[in-house]
Amino acid sequence: MSRDQVLLAGAPGYVAPLQPRRTNSSEKNRQRDNMLSTLRSKFGSRNTTSMTTKQSSDSHPQRNSTPSTRRPAINNPFKRSGDAPPAYSPAPNAAPKFQSPTVTITPPTNQTADDPYAFLDSFDTVFLIDDSGSMAGSRWREAARAIETITPICTAHDADGIDLYFLNHPDSPSHHNVTSSTAVRDIFQAVRPGGGTPTGQRMNQILKPYLRRYEAAPETTKPMNIICITDGEPSDDVESPLIAAAKKLDKLDAAAWQCGVQFFQVGNDEGARQHLRQLDDELAEIAGDDGLRDIVDTVPFTGAEGTLLTGDGILKVVLGAVNRRLDRKKSKDLHR
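Numbering (the UniProt record's numbering), first residue to last: 1 to 336.
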């Protein structure tokens, strides 16, 4: 303490100044070390994290110990610990459950067991109408009604419709591919019965062109049914064109049902009945060829006994004729 400090110390109210604490060098070193240690502990973890991140990003990909990044898993709301998914209940407009396709063969709509006229799908239907003088009156109206009934049935199975020919009336394009009952009615009203019964001549004019078409293109020419409606015995030779057609079909090895002729008799003329039956039963004998195919069927319709010529009756007879030819063909094949 200096001399002035000694003198002042005795003065009243004097407060001596604080003297700095003296520490030795070892104590200073210890304090510094403690402070450095605190700083290291405070910033050490931060530096370590940043260094680790840097080392990880700078290291070789194959040396990186961090797991590779994966696509986030699908968040399945039903996948919980031990919880089963709720019961399925389809939405109102949900699509039906897919099932493996099953191969089934479905017959066409027109070829079912309930349709007796399905055979018309495979045939062209041609009508040859006797317009001789004896057909005038009730027989003419009866024939017209029958064909009017048949036409929509045929058209339902064959869009080409039917063809109409008359024994005496000239052929006309409007008589071909007829598809409506109204058209049939108009045609019958326009044709006036009169003249003879040249059935053979007209039959030949139908059969010969058809056989030429079939010979040229057998795979694409449809079978044909000729339905002849008549009330009397022909006035010409009808056997010759029928025999010639049967022989041609045999030569071409055509199907048994490729061409058929059905005669429907209206009225009760006994001479006509006997002649038509002869065409049906004795055509092979007339030709002198027992192996000649049978292409003719005859059916009498006698209005006097109350049996009318109807469309349904005609088609049933035509179907029966087709089936009989098929059965006869199978029988011959079995005995070869």
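Any given hint could turn out to be false.
Straight line, CA to CA, 25 Å or less: simulated DMTMM-like cross-link-like pairs of lysine to aspartate or glutamate [claimed, not checked]:
| no. | residue 1 | residue 2 |
| --- | --- | --- |
| 1 | 208 | 297 |
| 2 | 208 | 285 |
| 3 | 222 | 312 |
| 4 | 222 | 158 |
| 5 | 316 | 115 |
| 6 | 208 | 158 |
| 7 | 247 | 215 |
| 8 | 208 | 280 |
| 9 | 251 | 294 |
| 10 | 316 | 270 |
| 11 | 248 | 282 |
| 12 | 251 | 124 |
| 13 | 208 | 233 |
| 14 | 222 | 270 |
| 15 | 316 | 148 |
| 16 | 251 | 186 |
| 17 | 222 | 115 |
| 18 | 316 | 294 |
| 19 | 248 | 280 |
| 20 | 222 | 253 |
| 21 | 208 | 121 |
Read the hints as simulated data drawn from the structure, not as lab findings.
Each hint tested on the structure:
no.: 1; hint: 208 - 297; verdict: holds (19 Å)
no.: 2; hint: 208 - 285; verdict: holds (22 Å)
no.: 3; hint: 222 - 312; verdict: holds (23 Å)
no.: 4; hint: 222 - 158; verdict: holds (11 Å)
no.: 5; hint: 316 - 115; verdict: holds (12 Å)
no.: 6; hint: 208 - 158; verdict: holds (23 Å)
no.: 7; hint: 247 - 215; verdict: holds (13 Å)
no.: 8; hint: 208 - 280; verdict: holds (20 Å)
no.: 9; hint: 251 - 294; verdict: holds (14 Å)
no.: 10; hint: 316 - 270; verdict: holds (24 Å)
no.: 11; hint: 248 - 282; verdict: holds (18 Å)
no.: 12; hint: 251 - 124; verdict: holds (22 Å)
no.: 13; hint: 208 - 233; verdict: holds (22 Å)
no.: 14; hint: 222 - 270; verdict: violated (35 Å)
no.: 15; hint: 316 - 148; verdict: holds (16 Å)
no.: 16; hint: 251 - 186; verdict: violated (40 Å)
no.: 17; hint: 222 - 115; verdict: holds (20 Å)
no.: 18; hint: 316 - 294; verdict: holds (18 Å)
no.: 19; hint: 248 - 280; verdict: holds (18 Å)
no.: 20; hint: 222 - 253; verdict: holds (15 Å)
no.: 21; hint: 208 - 121; verdict: holds (23 Å)
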